[in-house]
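Q: For the protein sequence lines, the chains are U and Z, in the order given.
According to the numbering used here, the first sequence is numbered sequentially starting from 1.
According to the numbering used here, the second sequence is numbered sequentially starting from 1.
Treat the hints loosely; a few may be bogus.
Quick list of in silico lysine to any residue cross-link-like pairs, SDA-like style, CA-CA up to 20 Å [to be verified]: (1) Z:Lys24 - U:Ile12; (2) U:Lys144 - Z:Pro108; (3) U:Lys116 - U:Ile15; (4) Z:Lys24 - U:Ile15; (5) Z:Lys24 - U:Asp14; (6) U:Lys161 - Z:Glu35; (7) U:Lys27 - Z:Asp12; (8) U:Lys112 - U:Ser89; (9) U:Lys161 - Z:Glu42; (10) U:Lys27 - Z:Ile116; (11) U:Lys144 - Z:Glu42; (12) U:Lys161 - Z:Gln43; (13) U:Lys161 - Z:Ser90.
Quick partial rundown of chain U residues pointing at chain Z, CB under 7 Å, derived from the structure [claimed, not checked]: (14) His19; (15) Ser20; (16) Leu21; (17) Leu22; (18) Glu138.
Derived from the structure by calculation, the hints contain no laboratory data.
Just so we're clear, the structure is a prediction, and the values are computed from it rather than from any experiment.
Even glycine gets a Cβ: it sits at the ideal position worked out from N, Cα and C.
As a plain string of letters, each chain reads:
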Amino acid sequence: MIQQIEASPDEIYDIELEHSLLEANAKLAQENRALLDHHGITAIDVMGAIGSGKTTLITRLVEGLKDQIGVAVFNGDATTSNDADLIASQSVPVVQIATVKGCHLDANLVGKALRKTKLDNLRLIFIENIGNLICPAEFPLGSKARVVVVSVTEGPYMVRKHPHMFLGAQLVVINKIDLAEAMGVSVSELSEDVHRLKPDITVIPTSCKTGAGIDQVNSALLAV
Amino acid sequence: MHELSIASAVVDNILEFVAERSIKRVIAVRLAVGELSHVEEEQLRFCYMAITQETLIRDSALEIDRIPAVVRCHHCDYSGRPKYWEDALSAAPVPTLQCPNCGGAVEPVEGTDCAIKSVRFVSDEPVETVPGSSDFASDPS
Ligand SMILES: Nc1nc2c(ncn2[C@@H]2O[C@H](COP(=O)(O)OP(=O)(O)OP(=O)(O)O)[C@@H](O)[C@H]2O)c(=O)[nH]1
Ligand SMILES: [Mg+2]
Ligand SMILES: [Zn+2]
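All chains, full assembly: derive it from the sequences and hints.
A: Rendered as structure tokens:
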């Protein structure tokens with residue numbers, strides 16, 4: 001047993017620190033953004049639940065863009081390189097960012113990836129965040145726009161259950177609409193839920209299977 | 001779980017603070033957590049406890065102040081508390097970015113940060129303190 005000796009009150013001190021815990025990441029995100037702006041590159045942060053279709057969507061978007069502009073993809077896969085392999089089939093530069101311990105990408109990791117990438121001639125970088133709807137909102141990466149991908153297979157209450165993810169987004173994609181009828185999920189109700197949280201946000205329904213909405217997403221991203 | 005990243009940042013900062021001073025024991029660490037930062041208190045406490053377990057500050061208490069959200073509307077000049085979504089399926093009503101007055105889109109102006117406010121500790125050497133900084137619960141029972 002360790003004997004505890006109580007301190008007399010005059011030995012107790014309170015010190016104000018006022019130290020932000022989000023600021024360090026926010027500062028690195030600003031540095032990333034400055035580097036991207038300098039090269040005329042728009043980075044798009046793609047977030048969403050596991051399996052919502054982030055990789056498939058990025059692959060489709062890249063397919064429609066790569067002949068017009070320079071595109072690269074950063075892939076934040078927690079452990080494997082499956083997603084990176086899939087996107088690499090589009091023969092655009094892919095950087096895999098492994099987050100062994102953390103569950104989300106942060107600005108430091110993205111900054112490292114940026115420094116490893118040949119930035120000349122690039123116009124757009126997609127950053128696939130880790131499939132996790134709860135985390136990444138507090139950790140900006142330096143992207144110009146954040147896209148949240150929800151899919152109808154996550155059920156009708158996805159937005160109501162995870163509302164905060166949408167507050168920091170600039171674009172919401174409702175994916176897998178080819179399955180909406182089979183799932184009995186209303187795309188317009190999901191869209192209404194999003195607008196209830198954030199009235200001015202653009203919501204685009206897509207199907208990576210039929211290709212519906214893909215061109216619209218690309219136009220929206222090129223306009224940000 | 002971003003609470004883990006945040007708890008780690010808290011602990012790293014406090015350990016650094018302790019290393020730079022003659023500190024015998026950290027009694028409490030006080031955080032200011034913004035309503036719009038979406039940091040979950042329970043999870044944050046759990047992570048803090050888990051991480052401090054093996055450190056010099058294992059017995060310190062974590063005190064959490066909630067900073068309420070304030071939003072501003074550029075359409076109608078409203079400024080104040082956000083509109084809440086009462087019957088969303090979250091544990092508590094959800095703050096939204098819809099103007100309570102005109103329904104337009106609002107900007108958050110307060111309640112987005114998550115910060116270490118202050119630290120209370122025992123020292124055997126005099127330490128310079130900021131006057132009037134003692135806002136800890138007087139009896140952490
Ligand atoms: N029917 C249908 N299936 C889709 C659609 N989009 C993606 N999928 C399928 O959904 C599954 C998951 O897609 P991914 O693109 O790997 O999802 P992800 O969000 O990248 O997943 P993680 O990276 O593991 O979080 C795959 O089997 C895709 O083929 C769609 O629009 N319609
Ligand atoms: Mg993926
Ligand atoms: Zn208004």
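Q: Could you grab the alpha-carbon distance between Lys144 of chain U and Glu42 of chain Z and see if it respects the 20 Å cut-off?
A: 32 Å, violated
Q: For the pair we were handed, Lys24 of chain Z and Ile12 of chain U, check the Cα-Cα distance against 20 Å.
A: Judged against 20 Å, a Cα distance of about 10 Å means the pair holds.
Q: Does Leu22 of chain U pass the interface check with chain Z, least Cβ-Cβ distance below 7 Å?
A: 6 Å, holds
Q: For Lys144 of chain U and Pro108 of chain Z, compute the direct alpha-carbon distance and say whether it is at most 20 Å.
A: 18 Å, holds
Q: Is Lys161 of chain U close enough to Gln43 of chain Z, meaning Cα to Cα at most 20 Å?
A: At roughly 17 Å apart (the allowed maximum being 20 Å), Gln43 of chain Z and Lys161 of chain U satisfy the hint.
Q: Can the restraint linking Lys27 of chain U and Ile116 of chain Z be considered satisfied, given a maximum Cα separation of 20 Å?
A: Roughly 17 Å separates the two Cα atoms, so the pair holds.
Q: Closer than 7 Å between Cβ atoms is the bar; does Glu138 of chain U clear it against chain Z? Give me holds or violated.
A: 5 Å, holds
Q: Would the hint on His19 of chain U be counted as holding, given a Cβ-Cβ threshold of 7 Å to chain Z?
A: 4 Å, holds
Q: Can the restraint linking Lys116 of chain U and Ile15 of chain U be considered satisfied, given a maximum Cα separation of 20 Å?
A: Not OK: Lys116 of chain U and Ile15 of chain U at ~41 Å, beyond 20 Å, violated.
Q: Between Lys27 of chain U and Asp12 of chain Z, is the straight-line Cα distance small enough, at 20 Å or below?
A: Given pair Lys27 of chain U, Asp12 of chain Z holds - Cα atoms ~18 Å apart, limit 20 Å.
Q: Is the hinted pair Lys161 of chain U and Glu35 of chain Z satisfied, with a Cα-Cα distance of at most 20 Å?
A: Given that 20 Å is the threshold and the Cα spacing comes to 17 Å, the pair holds.
Q: Hinted pair, alpha-carbon criterion (20 Å max): Lys161 of chain U, Glu42 of chain Z. Please report holds or violated.
A: Roughly 18 Å between the alpha carbons, so the hint for Lys161 of chain U and Glu42 of chain Z holds.
Of the hints listed earlier, those the structure fails to meet are numbers 3, 8, 11, in rising order.
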